[in-house]
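From first to last, the protein sequence lines stand for chains A and B. If you use the UniProt record's numbering, the first sequence corresponds to residues 1 to 376, in order. If you use the UniProt record's numbering, the second sequence corresponds to residues 1 to 376, in order.
A few of these clues could be false.
No copy is singled out in the list; a pair is fine if it fits within one copy or between any two copies.
Derived pair list, reagent style SDA-like, types lysine to any residue, alpha-carbon separation capped at 25 Å [what the hints assert, rightly or not]:
#, residue 1, residue 2
1, LYS337, GLN83
2, LYS340, GLN25
3, LYS337, LEU226
4, LYS52, PRO97
5, LYS340, GLY23
6, LYS33, ALA308
7, LYS81, GLU268
8, LYS337, ASN300
9, LYS337, MET1
10, LYS319, LEU22
11, LYS342, GLY23
12, LYS81, LEU22
13, LYS319, GLY23
14, LYS33, ARG2
15, LYS337, ALA297
16, LYS319, PRO21
17, LYS163, GLY201
18, LYS337, GLY42
Calculated directly from the structure, the hints in this document are not laboratory data.
Protein chains: 2
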Amino acid sequence: MRIAIVGCGQLSRMMALAGLPLGIQFSFIHDDKSQNRDCVQGLGIIEYSPDKIKSTNSYDTKAIAQLYQALGQPDCISVEKEQVDLALLQALADFCPIYPCVAAIKACQHRGEEKQLLTDLAIPTSPYFYNNGAKQAVQTLGYPVMAKSCTEGYDGKNQWLIKTPSDAVQFDKLQIEDYIIEKFIEFDKEISLISVRSQSGQIKHYSLTENHHQQGMLTHSIAPALNIPDSVKLQAQHYMESLLNQLEYVGILAIEFFVVGDSLMVNELAPRVHNSGHWTQLGSITCQFENHIRALAGLNLGSTEQIAVTGMFNLIGTKQPPFDALTQNSKLYWYNKAPKAKRKLGHINFIAENQQLVKQQMIQLADANLSLTVHH
Amino acid sequence: MRIAIVGCGQLSRMMALAGLPLGIQFSFIHDDKSQNRDCVQGLGIIEYSPDKIKSTNSYDTKAIAQLYQALGQPDCISVEKEQVDLALLQALADFCPIYPCVAAIKACQHRGEEKQLLTDLAIPTSPYFYNNGAKQAVQTLGYPVMAKSCTEGYDGKNQWLIKTPSDAVQFDKLQIEDYIIEKFIEFDKEISLISVRSQSGQIKHYSLTENHHQQGMLTHSIAPALNIPDSVKLQAQHYMESLLNQLEYVGILAIEFFVVGDSLMVNELAPRVHNSGHWTQLGSITCQFENHIRALAGLNLGSTEQIAVTGMFNLIGTKQPPFDALTQNSKLYWYNKAPKAKRKLGHINFIAENQQLVKQQMIQLADANLSLTVHH
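Could you build all of it, start to finish, from the sequences and the hints given here?
This is the structure we're talking about:
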């Protein structure tokens, strides 16, 4: 069996490393020539996606057939990111299934469509306006609001916090195309739920994870999230199941939530394995990467049971694999990327007896300067 | 960091798959042209070992230097089997450390030397004679005895059970060179202990594992082994520590024991990751493969704590990866080898609430005909 993945980053790397032990082979579609492919070097076939025909902005059928051959005729194709060219996926869908399906990726790759989907399913999300000008939006939403590019944002990029009328004027002057403006949510906590749906419709949830960001980038996660009532957990799982079933989803889906009091509000969706699920590599019987692969391959899903309280610490800008930081209860995952400030270059997972001890270890890692982003 | 391993089989494969996530790169020395290299294809550099100079039975210095370069100048070299050419290792030792050291591999690759080492350390093993003729040996040992080639035996090959005077005459007629004859032990159970020693001398033990063989081949293991008194466990760990420290060992060492009543007798040693330790991939915080790599790389060892009762079922002669056999509590490891009867082609690990349930699942796997060797 062979699985192809669009993208050559660390998520593709970790999917392949989870699937290779099962005897599954991998191919990677290098769809972004500005991106380095060091992460997946040696783990399978790497092929550039063909150029689009300029006049029609579509793909030549022959070129797609050649790509499919060059990829080693994969049994299915998946993605490591939502920002992929849907026309490419649609063209490849003539040759093998795409998991999750193109419609699911489409719904998650555009913040406007994502908001609409959530609204249709009665899943709470912050009130928003689409392409309506900041001046207009704040009349209903008040200050502060967040403006976000519909398609360009990740790791906090292409987002604008608008706190004052002059911020609003400034934003409107930028003439951003395709954006939403949403009410800024004063949340108590950011959590995420990572779940997986098999081809037969079986669903498994991981524990809720508490996430901490700095400048829009995830710095660390703790699972399970502390002080979340069971009712909230069940609510999150219910929202997840609505989405997975509505989208006839196959694979891992991540939902980021804001916790406000005892209620949840969806921040965003990711139709793929997710940074806030990296802890599952150590803390769960089956990690998110293996379960994504199992779902794609039509296998029974693996148990998502958690084995211990787990922390995940992103190595952001860390120049070398920090081997000295490894303890008997921690594991290192290094991505083989060229070091650069503010770049995620690896992560450390560790288990501990309770969340308090996990937090202490986070502080130690930060103090050891393993990340350019030090946070207490 | 780069690690080179002598051998291109499934153990090399699983060491690489355990080390790649840490950003460590791998090279493999293909020292046996009759062996296929499918197991490690794509996981690193593969280089043939140079031919020996016929007149001196040694290696040309230039050829060894070229090999070391071609391997990508590894930081250290290890082995996936004890039957490696010591002259090759000794020549490579001029370029980087060999782990475990050549003396340790030498001691374990020859049954006569192994017996001597055990005797020197007062570690019980069955009484034996070296190259002394079966007729002579049975005068002291009585019947039955086992004759074993000193260097050629694995998976029950090159072993002869001698039950009668005519068997003894038959064996002596074979004119085997370099063998031992040992008393046949009527054991209650076969168990093994897998342990790891770091460069700084730290030692960690995995749980004792109960092993089941058929025709000399391991078919399945259960960990922890049932009904082993703590005193026996401590005794096994004590023997292990004597050996590890005596040999200044770095990496994983496996000891196979016979349990006879409340006492232990060493069956054999393996200076490498071992089939009876495969269960650690699912059942332990850190698997034997990762801990071997951590030891080689000079890192802190990972926890060997067991997370659940675990079974390991060898897929012997199974033609296809048995994806249908996967349950939520099991994992498949497939080696990508060409299928052949009596060949180990993969294994399944699974966890269960207790040893009884593990045994039931073993029987189900055997009934599903996943192995040519069916055992109840």
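Could you place LYS319 and LEU22 in one of the four classes (within, between, both, neither) given a Cα distance threshold of 25 Å? For LYS319 and LEU22, the Cα distance is within 25 Å only across copies (14 Å; inside one copy 32 Å).
Have a look at LYS81 and GLU268 and pick one of within, between, both or neither, based on CA distance no larger than 25 Å. Classified as within; 13 Å inside a copy, 50 Å across copies.
Homomeric proximity label, LYS33 with ALA308: Cα distance no greater than 25 Å: For LYS33 and ALA308, the Cα distance exceeds 25 Å both inside one copy (40 Å) and across copies (45 Å).
Could you place LYS337 and GLN83 in one of the four classes (within, between, both, neither) given a Cα distance threshold of 25 Å? within (20 Å within a copy, 37 Å between copies)
Checking LYS81 and LEU22: alpha-carbon separation at most 25 Å within a copy, between copies, both or neither? both (23 Å within a copy, 23 Å between copies)
Should LYS319 paired with PRO21 be assigned to within, between, both, or neither, using CA atoms and 25 Å as the limit? between (29 Å within a copy, 16 Å between copies)
At most 25 Å between alpha carbons: which applies to LYS342 and GLY23, within, between, both or neither? between (35 Å within a copy, 19 Å between copies)
Reference check for the pair LYS340 and GLY23, CA-CA at most 25 Å: within, between, both, or neither? Between copies only: 16 Å across, 34 Å inside.
Since the copies are identical, ignore which copy is meant and state whether LYS337 and LEU226 lie within 25 Å (CA to CA) inside a copy, between copies, both or neither. neither (33 Å within a copy, 46 Å between copies)
I want to check one pair: LYS337 and ASN300. Are their C-alpha atoms no more than 25 Å apart within a copy, between two copies, both, or neither? Result: close only across copies, 24 Å inter versus 33 Å intra.
Classify it for me, LYS52 with PRO97: is the Cα-Cα distance of at most 25 Å met within a copy, between copies, both or neither? Answer is within; shortest intra-copy Cα gap is 21 Å, inter-copy 52 Å.
Homo-oligomer pair classification [ALA297, LYS337; C-alpha up to 25 Å]: Cα proximity of LYS337 and ALA297: across copies only (20 Å, versus 28 Å in one copy).
Hints 3, 6, 17 from the list above are not met by this structure, while the remaining hints are.
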